[in-house]
Amino acid sequence: MTEKLIRLYTDGACSGNPGPGGWAALLIWNGLDKMLSGFHPDTTNNRMELKAVIEGLKAIKHRKYDVLVTTDSTYVQLGITQWIHQWKKRNWKKVKNPDLWQELDELVSQFPNIRFEHVEAHAGHPENERCDKEARRQSLKGKAKSK
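Heads up: the sequence shown runs through residues 149 to 295, numbered per my numbering.
Treat the hints with care, as some may be off.
What the hints assert, rightly or not - In silico lysine-lysine, PhoX-like type, Cα no more than 25 Å apart, as pairs:
1) 244 - 206
2) 206 - 152
3) 237 - 152
4) 241 - 289
5) 182 - 209
6) 209 - 237
7) 209 - 152
8) 182 - 281
9) 241 - 209
10) 209 - 242
Hint data in this document are derived by calculation from the structure and do not stem from the laboratory.
Note that the structure is predicted; figures quoted are calculated from it, not measured.
From just these sequences and the hints, can you work out the full model?
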């Protein structure tokens, strides 16, 4: 039987802030998992946290399934569940990273049942730890390429 819940775990990292950064998104569905990741040569940790969620959601083809996004970023979790409503009312004025927030908002609107949960960083959550390790690896890769 096909599971109707897709789990998305995300993390972002930055070596310096700003500096080279990396992101990771782990998708788990129907007993399978897929790690996605990337880097940017000059970015911030918050941009990488957002990028991880965006890229993870873009990779989900079954938009009708339930999605649970797990992040250790209160910036992402509170931003998408609470702060975004006021940002939109103010036409995105004085919002940092409006390009990524608008992209995330558009993606989230495509999923009828999506939830965001926050977990503490480095607290032994296995999937979050996997994402943290990969995001840091990507950040270091970006640091090496920017030299």
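Handout entry: Broken hints, by number
Key = Result: hints 3, 4, 6, 9 and 10 break, sorted rising.
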